[in-house]
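There are 4 protein chains.
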Amino acid sequence: MLNYITTGESHGKYLATILEGLPSGLAFDLDFVNAELRRRQGGFGRGGRQKIETDCVEIMGGVIRGKTTGAPLGLILKNRDNTVDALPDLERPRPGHADLAGALKYHQSIRAILERSSARETSMRVAAGAACKLFLREFGIEIASHVVRIGPASLPERSLTVKEIRALTKDSPVNCVCPKTARAMIRVIEKARKQSDTVGGKYEVRAAGLPAGLGSCVHHARKLDGRLAGMLMSKQSVKAVEIGEGDRLGSLYGSGAHDEIFYSKSRGYYHRTNRAGGIEGGMTNGEDVVVRVTMKPIATLARPLASVNMRTKRTEKADFERSDFCAVPAGSVIGEALVAYVLADAFLEKFGGDSMREIRRNYDGYRRQIRG
Amino acid sequence: MLNYITTGESHGKYLATILEGLPSGLAFDLDFVNAELRRRQGGFGRGGRQKIETDCVEIMGGVIRGKTTGAPLGLILKNRDNTVDALPDLERPRPGHADLAGALKYHQSIRAILERSSARETSMRVAAGAACKLFLREFGIEIASHVVRIGPASLPERSLTVKEIRALTKDSPVNCVCPKTARAMIRVIEKARKQSDTVGGKYEVRAAGLPAGLGSCVHHARKLDGRLAGMLMSKQSVKAVEIGEGDRLGSLYGSGAHDEIFYSKSRGYYHRTNRAGGIEGGMTNGEDVVVRVTMKPIATLARPLASVNMRTKRTEKADFERSDFCAVPAGSVIGEALVAYVLADAFLEKFGGDSMREIRRNYDGYRRQIRG
Amino acid sequence: MLNYITTGESHGKYLATILEGLPSGLAFDLDFVNAELRRRQGGFGRGGRQKIETDCVEIMGGVIRGKTTGAPLGLILKNRDNTVDALPDLERPRPGHADLAGALKYHQSIRAILERSSARETSMRVAAGAACKLFLREFGIEIASHVVRIGPASLPERSLTVKEIRALTKDSPVNCVCPKTARAMIRVIEKARKQSDTVGGKYEVRAAGLPAGLGSCVHHARKLDGRLAGMLMSKQSVKAVEIGEGDRLGSLYGSGAHDEIFYSKSRGYYHRTNRAGGIEGGMTNGEDVVVRVTMKPIATLARPLASVNMRTKRTEKADFERSDFCAVPAGSVIGEALVAYVLADAFLEKFGGDSMREIRRNYDGYRRQIRG
Amino acid sequence: MLNYITTGESHGKYLATILEGLPSGLAFDLDFVNAELRRRQGGFGRGGRQKIETDCVEIMGGVIRGKTTGAPLGLILKNRDNTVDALPDLERPRPGHADLAGALKYHQSIRAILERSSARETSMRVAAGAACKLFLREFGIEIASHVVRIGPASLPERSLTVKEIRALTKDSPVNCVCPKTARAMIRVIEKARKQSDTVGGKYEVRAAGLPAGLGSCVHHARKLDGRLAGMLMSKQSVKAVEIGEGDRLGSLYGSGAHDEIFYSKSRGYYHRTNRAGGIEGGMTNGEDVVVRVTMKPIATLARPLASVNMRTKRTEKADFERSDFCAVPAGSVIGEALVAYVLADAFLEKFGGDSMREIRRNYDGYRRQIRG
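As given, the protein sequences belong to chains A, B, C and D, one line each in that order.
Numbers given in the working numbering equal positions in the first sequence, counted from 1, plus 50.
Numbers given in the working numbering equal positions in the second sequence, counted from 1, plus 50.
Numbers given in the working numbering equal positions in the third sequence, counted from 1, plus 50.
Numbers given in the working numbering equal positions in the fourth sequence, counted from 1, plus 50.
Think of the hints as simulated: they come from the structure by calculation, not from any bench.
It is possible that some hints are incorrect.
[Said to hold, decoys possible] If you want the ones that stay clear, here's a sample from chain D, every Cβ over 10 Å from chain B, calculated:
id, residue
1, M51
2, R99
3, K101
4, I102
5, K117
6, L210
7, L218
8, K241
9, S246
10, S316
11, R411
[Claimed, not checked] List of simulated lysine to aspartate or glutamate pairs, DMTMM-like, C-alpha gap at most 20 Å:
id, chain 1, residue 1, chain 2, residue 2
12, C, K315, D, E366
13, A, K63, D, D79
14, D, K315, D, D414
15, A, K117, D, D135
[What the hints assert, rightly or not] What the simulated footprint calls covered on chain B by chain A, stretch by stretch (three residues with Cβ under 8 Å from a Cβ of chain A suffice, anywhere in the stretch; the number is not a length):
id, segment
16, 263 to 275
17, 307 to 316
Ideal Cβ positions, reconstructed from N, Cα and C, are used throughout, including at glycine.
Starting from the given sequences, assemble the full structure and let the hints guide the process.
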C-alpha cells in the first residue's frame with residue numbers, strides 16, 4: 051500500500067523523497083519530522099558533515115492546511131555542502147563500500163557511485179519513516195530503539211519497554227539505556243577515532259501497541275518478518291537482522307524457545323515471554339515487535355586499506371572522504387524509521403481505508419472482533 | 051523480473067507453483083527438480099510425513115519438448131496424504147506457530163491456518179528454486195549449503211568453497227561438512243526426539259561464480275542484501291539472517307572488518323578475504339555470496355506448551371499434529387532455493403534478455419567490459 | 051492486493067492459475083466457476099476445439115470445506131487435446147498474431163509462441179475472474195456483458211441495466227440483447243465462415259452495485275480507469291477500450307458531456323445520466339461502471355494472408371491452425387472476468403480486511419459514512 | 051524496471067517527481083525537458099494559469115556533471131501561484147471531476163481533492179516522460195503526436211510519419227498537421243469559450259524506430275498494449291484508447307484487418323500496412339507504435355451544471371475554478387510523455403543493462419540476432 055523513492059546525492063543540492071499511500075486527515079507535524087532528522091544527525095562518533103548541515107525538510111506536496119490529503123507526500127531538504135559537480139573524482143575504491151562494484155556495474159566514476167550510496171540518503175528514509183510514525187502513533191503504536199553494542203562494548207541482556215527505552219536513552223550520546231555501558235561505548239569510539247579507525251555495533255528496535263494479525267502466513271511477499279528483514283538489510287552498513295531472540299534460537303530446544311499463550315478478559319490473548327519478537331507465522335502476535343540489527347564498521351578509513359587504482363590497476367591505498375567514526379547511534383534512528391514504514395504499510399494493507407476516520411473505524415471493529 | 055506464487059495446503063490434494071519470468075531456451079531438467087525435492091524431504095530429524103510422501107512434480111506449463119519457452123513455468127505435486135477436508139479442527143493454538151495470530155486475522159479455524167502456514171509449502175519453493183538453479187548453472191553459478199549448528203552442537207568456523215561443501219556434505223544425514231560435528235548434531239536431535247522436544251539450528255548458503263554488479267546501491271528495493279534477507283526471513287521458522295561475517299561485524303573495528311581489493315590480469319579485481327559475504331553497497335562484488343540463516347526449533351511439540359482453548363478461553367495444553375523434530379537440514383535445502391531465486395531475479399534484471407542465447411551474449415559482453 | 055498468474059499451453063496437458071489475495075470465508079461455488087468456463091466456450095462462431103474440450107477446473111489450493119481460507123487460490127484444468135510436444139512446428143508466421151514478434155523476441159519456434167499466446171489462456175482468466183465475481187456478489191456487485199457489434203452488424207444504442215442485459219442475452223448465441231441484431235450478427239459470422247474469413251466486433255461490460263470511491267485520483271497506478279483499460283487491453287485481440295461514452299466524448303462540448311449531480315435521502319448522491327461510465331477522476335462515482343471493448347478479427351485465416359517462410363525467407367502464405375471464426379461472444383465473457391478482477395482488487399484495496407466478516411464490517415461503515 | 055511518483059498540488063508551492071530506473075551515462079538535456087514543459091503549457095484554448103506560470107524544472111538528484119548516474123532522477127518545479135492554504139473551499143462538486151467521489155472517498159474538502167486531481171500534475175508526467183524521450187532518442191526512437199479531433203472538427207484520415215507530424219505541426223496552435231482543419235478546430239474552441247463551454251477531442255501518438263519484441267505475449271502484466279492503455283487511461287480526462295486502427299477493427303473481416311509480412315535483406319521483416327498500430331500479441335512488431343486517445347471536454351464550466359451543495363444537500367450550480375476551454379493540444383504532449391515512459395520501461399526490461407554503454411551493446415546484439 052505504501053511506496054517510497056528517495057532522490058539526491060550526498061553533496062548534491064537537494065535530498066528528497068516521495069511517500070505514496072498515506073491516508074488523508076493525518077495531522078502532519080513537520081516539527082516532529084525535523085526533530086527526527088536531528089536525532090539522526092546526532093550521536094557520538096559523527097564526523098564534520100553533521101556540523102555543516104542542519105537537516106530540515108520542506109513539504110513538496112500531500113499536505114494542505116497541516117493535514118495530509120491522501121496524495122503522495124513529498125519532502126525536500128537543501129544541502130549546505132552542495133558541491134557535487136566540483137568535487138574531485140576518486141580512483142581507488144574503498145573496501146567495504148559500493149565503490150568498486152558500483153563503478154563496474156554503472157560504468158561510472160567512483161564519485162557518481164559514492165554520492166548515491168552514501169548513508170546521507172538515509173536522511174530521506176528517516177523523513178518518510180517519521181511520517182509513518184505520526185500515522186502509527188494515532189493508533190497507539192510507538193517505536194523506540196537503543197544501541198546494544200559498539201565494537202567490544204555491549205549491553206548486558208535486558209528486556210525493556212518502549213517507554214523505558216525512551217526514558218533511559220534520553221540524554222545518552224550513544225542512544226544507550228545504561229550509562230555505564232554508554233561510557234564504555236564512547237571509549238571504544240574514541241579509540242577508533244584516535245587510531246583513524248571506525249567501529250561497528252548493534253541496535254534493537256522495538257514497536258509497542260500492535261494488534262495481532264499484521265502481515266500474513268499465506269504468501270511469501272506478505273510475511274511481516276520478511277518485509278522487516280528486507281527493508282532493514284537494505285540500509286547502508288547492515289549485515290545481520292534478527293527477530294526476537296534471533297540467532298540464539300538456533301541453539302535452543304523447542305520447549306524453551308516459544309512463548310506460551312494466555313488469555314484474560316482485560317487483555318485478551320497474551321504471552322508472558324517474547325522470544326518470538328512479536329512475530330509468529332509471518333504475523334504480529336500482539337506482543338512488541340523486536341528486531342536487532344548489526345552494522346559493520348564504516349568503510350571509509352582515515353588510515354586506508356589496500357585497494358587498486360582503477361586507472362593504472364596498481365595496488366594503492368584506498369581513497370579517503372570525510373566520514374564518521376561510528377554511525378551506530380544514528381543507525382538506530384534510521385532503523386526506527388524503517389520499522390515504522392514496514393508496520394504502517396502492513397497496517398494499511400490490513401485495515402484499508404483512505405481517511406484517518408475510516409481507518410480508525412475499521413481498526414476498532416477488528417479489535418473488538420479479535421477480543422471474541 | 052521473476053515472480054512466483056505457491057498454492058496448496060499441507061494435506062490438500064495438490065501443491066503447485068507458478069514461476070513467471072524465466073527466459074526461453076533453458077533445458078529443463080525435471081529430474082534435477084525432483085532430486086532437489088527429495089533432498090528437502092531428507093535429513094535426520096524428519097517425522098512420519100516424509101515417509102508417506104515421495105515428492106515429485108509434474109509440469110503444468112512453460113516447457114515444450116524439454117525446453118522452457120519464456121512462458122510462466124507451472125509445477126504441480128500430488129499429495130498422498132490429502133485428507134484436509136476430513137481432518138479434525140484444532141482449538142488450542144500451538145505457541146510459536148501461525149495458529150493464534152492466523153485464526154484471529156483470518157477469522158478462521160486453526161486447521162485452515164496451519165494447513166497453509168505449514169512448512170510443507172516450502173516444497174514448492176524448492177521446486178521454483180530448482181528451476182532458478184538450472185538457469186544460474188548455465189552461467190557457471192553454483193549454490194550449496196551446509197548446516198553449521200543444531201542446538202548446542204556447532205561446527206567450528208571454516209571457510210569452504212561450494213565444491214568442498216558439496217563433497218563434504220554428500221553422505222551427511224544432517225548436511226554437515228564435518229563427520230564429528232554431524233555425530234554431535236545427530237545426538238542432539240536424538241535427545242530432542244526422546245524428550246518429545248524439537249531443536250533449532252543454523253545453516254550457511256554459499257553461491258559461487260557471480261559477476262560483480264548484481265543488485266544495486268541506488269534504491270532500497272533493488273539492493274541485493276535486502277532482497278536476500280527478505281526472501282530468507284519469509285521462510286517458515288527463520289529468525290535471523292546474516293550476510294558474510296554478519297553479527298560478528300558489530301564487534302569489530304573497521305581496519306579488520308573489510309576486504310581489501312586486488313587486481314590481476316587473469317582474475318580482474320578480487321579480494322583475499324570475504325567478510326562482506328560477497329555483497330558491498332547492495333551489490334555482488336565478485337566474491338561468493340554467503341548468507342547464514344538461523345531457524346528456531348519446530349513449534350509443534352509432542353509434549354505441548356501451555357495454550358488457551360479458543361472456544362472456552364481456558365488454559366490447556368496446545369494441540370499436537372504429526373511433525374518433525376528438527377528441520378534444519380531440510381531448511382538448508384530450502385535456503386539454497388531461495389538464494390537461487392533472488393540471484394536469478396537480480397541476474398535477469400541486470401542482463402535483460404528473453405532467450406538463453408540473448409542473455410549469454412549480454413552477459414559475456416558485460417564480463418568483457420568489467421575486465422577493463 | 052490481488053495478483054494472478056496463469057500457466058499452461060493451448061495444447062499442453064494443463065492450464066492453471068493462482069490467484070493471490072482473496073479473503074477467507076468466501077463460499078467457493080466451484081459449479082459457478084465451471085459454468086463461467088462453459089459460457090466462455092460457447093457462442094456462435096467457435097471452431098472445433100470447443101467441441102473437444104469441456105473445460106472444468108479442479109481446486110489446487112486455497113479452499114477448505116467449501117470456503118476460501120485466505121491462502122492463494124489455485125485452479126487447474128486438464129486439456130483433452132494435449133499433444134503439444136508432438137505438434138508440427140510452423141514456419142510462416144500468421145499476420146495479426148504474436149508469431150513473428152514472439153519468434154524473434156524469444157528466439158523460438160512459432161509453435162512455442164502460439165501455444166502460449168493463444169486465447170486458450172483466457173480460460174484461466176475466466177476462472178480467476180469467476181472467483182472475483184463470487185466475492186463481489188457478496189456485496190451486491192453484479193457484472194454482465196453483451197455484444198454490441200460483429201463486423202458490420204451493430205446494435206442500435208440502448209442503455210440497459212445489468213439485470214436487463216442478463217435477461218435479454220440469456221438464450222442468445224452471440225450474447226446480444228436484441229434478437230434481430232443477433233440474427234444479423236449470425237449472418238455476418240456465417241459469411242465469414244463460408245469465405246474462410248474471420249470477423250471482429252465489440253462488447254460492453256457493465257458492473258452494478260459499486261460504491262463511490264474505488265480507485266483513486268492521487269497516483270497514476272491507483273486510477274481505476276487506467277487499471278481497467280490496462281487489464282482489458284492485455285487480453286488477446288483487444289484493440290480499443292472505452293469508458294462510458296468513450297470515443298464519442300471527443301466530439302462533444304462540456305455542457306453535454308458530463309453527468310449532473312443529485313441527492314436524495316434514499317439514494318444519497320446520484321446521477322441521472324452516465325456518460326462517464328461510472329468513473330470520474332479515476333474513481334467509481336456510484337453509477338454503473340461501463341466499458342466498451344473492441345476486438346479485431348481472429349488472425350488465423352483458413353484462406354491465409356501473405357507471410358514469409360522464416361527458414362527460407364521466401365514469401366509464402368501464412369500457416370493455418372484450427373481456429374474460431376468469431377470470438378466476440380466468448381470475448382465478452384472474458385471481459386466480464388477481467389472487469390471483476392480489477393474491481394475486486396480495488397475493493398480489497400479500499401476496504402482492507404482478511405475475512406468476509408471483516409470486509410463486510412468495513413464496507414458497511416463506509417457506506418454509512420458517505421451517506422452523510 | 052522504471053517507476054515514477056509525482057507529488058504536489060495544483061496551487062501548492064512545488065510540483066515534483068522522482069523517476070527510478072534510468073541507466074547511467076545518459077546526457078541529461080535539461081533544456082529539452084523544459085522545452086517539453088513549455089509545449090505542454092501551450093496550445094490554443096488554455097486559460098489564465100498558463101500565463102502566470104513558466105514551468106521550468108530543477109534537478110533534485112540523479113545527474114552529476116550533466117549525465118545521469120543510474121540513481122533516481124528527481125525533478126522539481128516551483129509554482130508562482132502557490133496559494134493553496136489560503137484558497138477558499140468548494141461545496142458544490144463539479145460534474146465530470148474527481149470532486150464528489152474524491153470528497154467521499156477521502157473524507158475531505160473538495161479543495162483537497164481538486165488540488166491533486168487537477169491536470170496540473172501532468173507537468174510532472176511530462177518532465178519524467180521527457181527524460182524517457184532523451185533515453186529512447188539514443189536508440190533512434192522518436193515520438194510525436196498530433197490532434198485529430200476537437201469537438202466536431204476532425205482531421206480527414208491520413209497516415210503520416212513521425213518526421214512529417216513534427217514538420218506539419220510545428221507552428222500549429224492546436225498541434226494539428228492540417229492548417230485548414232486547425233482553423234476549424236480553433237473556431238470550435240472559440241465557440242466553446244464564447245459560450246462559457248469546453249470541448250473534447252482526440253489525438254494520435256506515434257513512436258518510430260522500435261525493434262520487434264518489446265513487451266510480451268506470455269503474461270498479462272508484461273503485454274505492451276495493456277501497459278500503454280493503462281498508462282494513457284490513467285491520464286486526466288482520457289476516456290478511450292485505441293491501438294492502430296482500434297475501434298474500426300471491430301467492423302472488419304480478418305482478410306482486411308491484418309498486416310501481411312514481408313522480408314528484405316536491407317529491412318529484415320516488415321509490413322506494408324500498419325493496422326495493428328505496431329503491436330501484435332502484446333509486443334512491438336517493428337512498425338511504428340500508434341495509439342489514439344480520446345479526451346472528454348474539461349469538466350470545469352464557466353456556465354456550471356447542476357450539482358449538490360455537500361453541506362446543505364440542496365441542488366445548486368457547481369462551483370467554478372479558473373480553467374482551460376480545451377486541453378486537447380496540451381493533452382497530446384502529455385500523451386507523448388506517457389508513451390515514452392512505457393516504451394522506455396519495456397526497452398529496459400528487454401535489454402537490461404545499467405549504463406548506456408551496456409544497453410547499447412545488448413541492443414545491437416539483439417538487432418543483429420533478429421536480422422537472422
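Item checked: Given hint D135 of chain D paired with K117 of chain A - CA-CA distance at most 20 Å -> 11 Å, holds
Next item on the list: Please work out if K315 of chain D and D414 of chain D have their alpha carbons no farther apart than 20 Å.
Entry: 17 Å, holds
Next item on the list: Given that the segment 307 to 316 of chain B was listed as covered by chain A, double-check it with a C-beta distance under 8 Å for 3 or more residues.
Entry: holds (count 7)
Notebook entry, point to check: Checking the smallest CB distance to chain B, is S316 of chain D really beyond 10 Å?
Noted result: 23 Å, holds
Next item on the list: Please confirm whether K241 of chain D is truly not at the interface, meaning its C-beta sits more than 10 Å away from all C-beta atoms of chain B.
Entry: 50 Å, holds
Next item on the list: Sort out whether D79 of chain D lies within 20 Å of K63 of chain A, counting only the CA atoms.
Entry: 18 Å, holds
Notebook entry, point to check: Are the Cα atoms of K315 of chain C and E366 of chain D separated by 20 Å or less?
Noted result: 16 Å, holds
Notebook entry, point to check: Is the nearest Cβ of chain B still more than 10 Å from the Cβ of M51 of chain D?
Noted result: 7 Å, violated
Notebook entry, point to check: Does K117 of chain D sit more than 10 Å from chain B, CB to CB?
Noted result: 14 Å, holds
Note to self: If we take the beta carbon of S246 of chain D, is the closest beta carbon in chain B still more than 10 Å away?
What the structure shows: Non-interface label on S246 of chain D holds, nearest chain B Cβ at 48 Å vs cutoff 10 Å.
Notebook entry, point to check: Are 3 or more residues of the segment 263 to 275 of chain B near chain A, judged by a Cβ distance of less than 8 Å?
Noted result: The restraint on the segment 263 to 275 of chain B holds, since 9 of its residues have a Cβ under 8 Å from chain A and three suffice.
Notebook entry, point to check: R99 of chain D: least C-beta distance to chain B exceeds 10 Å?
Noted result: 34 Å, holds
Checked against the numbered hints given earlier, this structure breaks hints 1, 11; the rest are met.
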